[in-house]
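Chemist: Let the hints inform the model, and build the full structure from the sequences given.
There are 2 protein chains.
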Amino acid sequence: MYSDLQLTEDRPVYIQVKDYMKRLMLKGGLQAKQKLPSTRELSTLMKVSRSTVLLAYAELEDEGLIYAVKGKGNYVSASIETPEAAANWELDWTTEVSEYAIQAEQYDLMKHGSGAERGEISFTSIAPDEKLFDLHNVKRAFLDRMSLEGEVLLNYGYAQGYRPLMNYLLRYMENKGVDLRGKDILITNGFTEGFDLVLGALRKKSGKALCENPTHHTAIKNLKLHQFHLTGVNMEPDGLDLKQLEHELEASPYDLAYLVPSYHNPTGIVTSPAKRVEIIRLMNKYQVPIIEDGFNEELRYSGSHVSPLIASMGKGNGLVYLGSFSKVLFPGLRVGWIIADAALIDYLESMKRARSIHTSTLDQSLLYQYLSNGNFEKYLKRARTEYKRKYELVVRCLKQYLPMCRISGAGGLHLFVQFPSEYRTRELLAACKVKGVTFTPGDTFYLEPGQGVNTMRLGFSRVSDENIRKGIRIIGETAAQMR
Amino acid sequence: MYSDLQLTEDRPVYIQVKDYMKRLMLKGGLQAKQKLPSTRELSTLMKVSRSTVLLAYAELEDEGLIYAVKGKGNYVSASIETPEAAANWELDWTTEVSEYAIQAEQYDLMKHGSGAERGEISFTSIAPDEKLFDLHNVKRAFLDRMSLEGEVLLNYGYAQGYRPLMNYLLRYMENKGVDLRGKDILITNGFTEGFDLVLGALRKKSGKALCENPTHHTAIKNLKLHQFHLTGVNMEPDGLDLKQLEHELEASPYDLAYLVPSYHNPTGIVTSPAKRVEIIRLMNKYQVPIIEDGFNEELRYSGSHVSPLIASMGKGNGLVYLGSFSKVLFPGLRVGWIIADAALIDYLESMKRARSIHTSTLDQSLLYQYLSNGNFEKYLKRARTEYKRKYELVVRCLKQYLPMCRISGAGGLHLFVQFPSEYRTRELLAACKVKGVTFTPGDTFYLEPGQGVNTMRLGFSRVSDENIRKGIRIIGETAAQMR
Numbered sequence: 001m002y003s004d005l006q007l008t009e010d011r012p013v014y015i016q017v018k019d020y021m022k023r024l025m026l027k028g029g030l031q032a033k034q035k036l037p038s039t040r041e042l043s044t045l046m047k048v049s050r051s052t053v054l055l056a057y058a059e060l061e062d063e064g065l066i067y068a069v070k071g072k073g074n075y076v077s078a079s080i081e082t083p084e085a086a087a088n089w090e091l092d093w094t095t096e097v098s099e100y101a102i103q104a105e106q107y108d109l110m111k112h113g114s115g116a117e118r119g120e121i122s123f124t125s126i127a128p129d130e131k132l133f134d135l136h137n138v139k140r141a142f143l144d145r146m147s148l149e150g151e152v153l154l155n156y157g158y159a160q161g162y163r164p165l166m167n168y169l170l171r172y173m174e175n176k177g178v179d180l181r182g183k184d185i186l187i188t189n190g191f192t193e194g195f196d197l198v199l200g201a202l203r204k205k206s207g208k209a210l211c212e213n214p215t216h217h218t219a220i221k222n223l224k225l226h227q228f229h230l231t232g233v234n235m236e237p238d239g240l241d242l243k244q245l246e247h248e249l250e251a252s253p254y255d256l257a258y259l260v261p262s263y264h265n266p267t268g269i270v271t272s273p274a275k276r277v278e279i280i281r282l283m284n285k286y287q288v289p290i291i292e293d294g295f296n297e298e299l300r301y302s303g304s305h306v307s308p309l310i311a312s313m314g315k316g317n318g319l320v321y322l323g324s325f326s327k328v329l330f331p332g333l334r335v336g337w338i339i340a341d342a343a344l345i346d347y348l349e350s351m352k353r354a355r356s357i358h359t360s361t362l363d364q365s366l367l368y369q370y371l372s373n374g375n376f377e378k379y380l381k382r383a384r385t386e387y388k389r390k391y392e393l394v395v396r397c398l399k400q401y402l403p404m405c406r407i408s409g410a411g412g413l414h415l416f417v418q419f420p421s422e423y424r425t426r427e428l429l430a431a432c433k434v435k436g437v438t439f440t441p442g443d444t445f446y447l448e449p450g451q452g453v454n455t456m457r458l459g460f461s462r463v464s465d466e467n468i469r470k471g472i473r474i475i476g477e478t479a480a481q482m483r
Numbered sequence: 001m002y003s004d005l006q007l008t009e010d011r012p013v014y015i016q017v018k019d020y021m022k023r024l025m026l027k028g029g030l031q032a033k034q035k036l037p038s039t040r041e042l043s044t045l046m047k048v049s050r051s052t053v054l055l056a057y058a059e060l061e062d063e064g065l066i067y068a069v070k071g072k073g074n075y076v077s078a079s080i081e082t083p084e085a086a087a088n089w090e091l092d093w094t095t096e097v098s099e100y101a102i103q104a105e106q107y108d109l110m111k112h113g114s115g116a117e118r119g120e121i122s123f124t125s126i127a128p129d130e131k132l133f134d135l136h137n138v139k140r141a142f143l144d145r146m147s148l149e150g151e152v153l154l155n156y157g158y159a160q161g162y163r164p165l166m167n168y169l170l171r172y173m174e175n176k177g178v179d180l181r182g183k184d185i186l187i188t189n190g191f192t193e194g195f196d197l198v199l200g201a202l203r204k205k206s207g208k209a210l211c212e213n214p215t216h217h218t219a220i221k222n223l224k225l226h227q228f229h230l231t232g233v234n235m236e237p238d239g240l241d242l243k244q245l246e247h248e249l250e251a252s253p254y255d256l257a258y259l260v261p262s263y264h265n266p267t268g269i270v271t272s273p274a275k276r277v278e279i280i281r282l283m284n285k286y287q288v289p290i291i292e293d294g295f296n297e298e299l300r301y302s303g304s305h306v307s308p309l310i311a312s313m314g315k316g317n318g319l320v321y322l323g324s325f326s327k328v329l330f331p332g333l334r335v336g337w338i339i340a341d342a343a344l345i346d347y348l349e350s351m352k353r354a355r356s357i358h359t360s361t362l363d364q365s366l367l368y369q370y371l372s373n374g375n376f377e378k379y380l381k382r383a384r385t386e387y388k389r390k391y392e393l394v395v396r397c398l399k400q401y402l403p404m405c406r407i408s409g410a411g412g413l414h415l416f417v418q419f420p421s422e423y424r425t426r427e428l429l430a431a432c433k434v435k436g437v438t439f440t441p442g443d444t445f446y447l448e449p450g451q452g453v454n455t456m457r458l459g460f461s462r463v464s465d466e467n468i469r470k471g472i473r474i475i476g477e478t479a480a481q482m483r
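Each protein sequence line maps, in turn, to chains H and Z. Residue numbering for the first sequence follows full-length UniProt numbering, starting at 1 and increasing by one per position. Residue numbering for the second sequence follows full-length UniProt numbering, starting at 1 and increasing by one per position.
It is worth saying that the hints were derived from the structure and are not from the lab. Check each hint, because a few of them may be wrong.
When chains are identical, the list treats them as one kind, so a pair holds in a single copy or across two.
Listed next, the in silico DSS-like pairs over lysine-lysine satisfying Cα-Cα at most 27 Å (straight line) [stated by the list, open to error]: (1) 204 / 285; (2) 315 / 285; (3) 35 / 176; (4) 111 / 204; (5) 378 / 470; (6) 381 / 72; (7) 275 / 315; (8) 378 / 139; (9) 378 / 27; (10) 205 / 72; (11) 470 / 390; (12) 208 / 72; (13) 224 / 205; (14) 390 / 111; (15) 378 / 70; (16) 221 / 205; (17) 285 / 33; (18) 204 / 224; (19) 35 / 70; (20) 381 / 27; (21) 378 / 176; (22) 33 / 275.
Modeler: This is the structure in structure tokens:
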């Protein structure tokens, strides 16, 4: 006892001594009313200074775990009891959980998907490349804001969001052409919480939802978790197949349509201006609210300027816009936003309060300060240049090594690749994995089994130039052998 | 046009010029293919430097909004269109929202409760006193961690949590006597998200839940939002009325019991060791999982050392523990944790991923670094001393000005006050508000209308000594007049 104290470097020594003694008491190694070693004895046994032991004993007394008797020494508190054995209370949690929990686990791609292993060339991620992060400016933004109002940032904030950031984002959306009359904003823990809140806020009438097919797999998961039946509308090179869309709308009522009009995930397609106008007209006609996912808007490499769909709505209120900088700036900061009709935002605010009180004020204020220091524009310029370079490299490599494929994608951090119909990209993936290369099989993004089995998504943001070349070459060679 | 540019101080000037021009194009003030003023002209009109205009034009070109014709000037992109008028699309969102959204709004005390106004002496808050925050150490923790792995912190993290923090908290709970065998941890956005996740994860069998009466009003709200029917068990000075508890358990099956065994909200009661043992025995006997809210454990001022209930469970797995530092450290950092059976945590992790991907890595890593720098113990000591002093002041003032009342509370940031039965604290509150003093009427925390109408909760953490004296004196005088 005592001499087996093992010190680690990451905590003050007196705290480690205190914790050691506390553990002894709680585990019965030291009993109630038992005398503790003197500070001199313990310091010798533990090979720490006497002042360290004195500090540790003071802390233990402060916590009510020991008491001092003048001239006699320190004793374990009378109230310390060895834990009652309730060890026989064994619940089988697998039978205690809800259908929702079971489905959330089943649909969890991080658990059941094809993850990448260390050392592999992985095209699975569409997260930003952290080498581009301007840490210096992030640190400055933090220190700037902490100096201004650190106490405020660390205490409770408001469910709707941190006011300066809300105002900044409202202006930011206005600059994209959004008419803010009658609308309001809610800050969320990224796109995902925003989407979850909106789905929970909508009254189910038909219980049916429209979406692009293929589409963002997290969105598919969350729509299913909210018990929506999904109808997918096929994608053409300039956006939704409008004939099919109108056909579906005529055939059945829908509670909502989830759409990614710009740099769609996974196809990278930008919906054309003409189709946008028509989509809004149809949704208005059939009174189907649109949930717009604006996640990638900033990452344009070529083609015309793209506005979000909500910018074409005027003061109409049938569209709920979900914004995020997670693909452009820092996903570790969980900050997204919803722009929608003020009445809806009012409900969403109460739901947000009930579920997580508010989004981290630190994240929000750091982001605000970073943005308003003017760092975003500079960062975006640098990031866009770098991603565009990689994007073009991927396109060149694909043309060279996979000349039989059709590729799509005009921006963002990924490209979508369609093989001739006889290919099976899951088989290709299995063969490539052996050679240390992974990608996301495209069927992940489709609603029905058997769809998109000859497609793949290539995320390139975090792959080096050398590995882009090598990886796509390996995919190409492997595909050629499989023919 | 142009000369009405109004510059603000918080953003670089060239960005404000860019945004001004962009807004003009999007709102139709500048039409597709129209020529822009020369940089020299615009600089004169806007009273900004020519280099600023050059920068702004370069940004606009970069965004695809304008194009340059050599020797001629800059032109608005052909693709810019004035927004289509979809202004007639008006949905009535109040009829589009779900029952859940409507209830979340109805139960929202921030909207429908008795909030405090500026300048009032308010005893409504139980948030920590931000004057105690050691900003210096928070800044250092941030810079330490950013320097070590800033890129990692700003990119996507893991749903289960930031590993160093998870390990720290596991050890922290072990030091409270928790047997971690078969258990695991999940990091959440504070207690509230943790509670919401656990409630969503439990299979509804009876649809009934047990709780203390009174209890934490956010917990009542969330239990109701999850459609649980609540049975309240009365509180005695040493914890639950065990006779009533057993009676309820015999009478009906329950899906869960939500308990706050230490420094209960609102009564401040600490459940006695003997009652803790009996509660666990009963819950085990009737197989009712316990959700333990450990929110205030650190704020002990007097009495014996208090362990969480989970520390008495051995390796039994029938209890789900929800931890938070929000009342002790920084609530602006939204970080809480769940300790429970590993199989349950596995489901909760997938639910967490589906709802918000993960908790802010920045918050988690900052908290970890702050804790492992040894700041927590020092801060806690200082905070405890200060809160204890205030606590004792409140007790003295209550005895002086409200001698007819019974008070309870042995720790935390509030006291609970029970008036003789003829008093109505909502009437008292109305009379006190006129005099600039507010508190939380105790009935807020009770399950049934008409209960606790002669009680109030006094949160003292953010009230100055002078205002504590003045406020309680006013409450006392007002109560005397109402007799």
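Chemist: Could you work out which of the previously given hints the structure breaks and list their numbers from low to high?
Modeler: 5, 10, 12, 14 and 17
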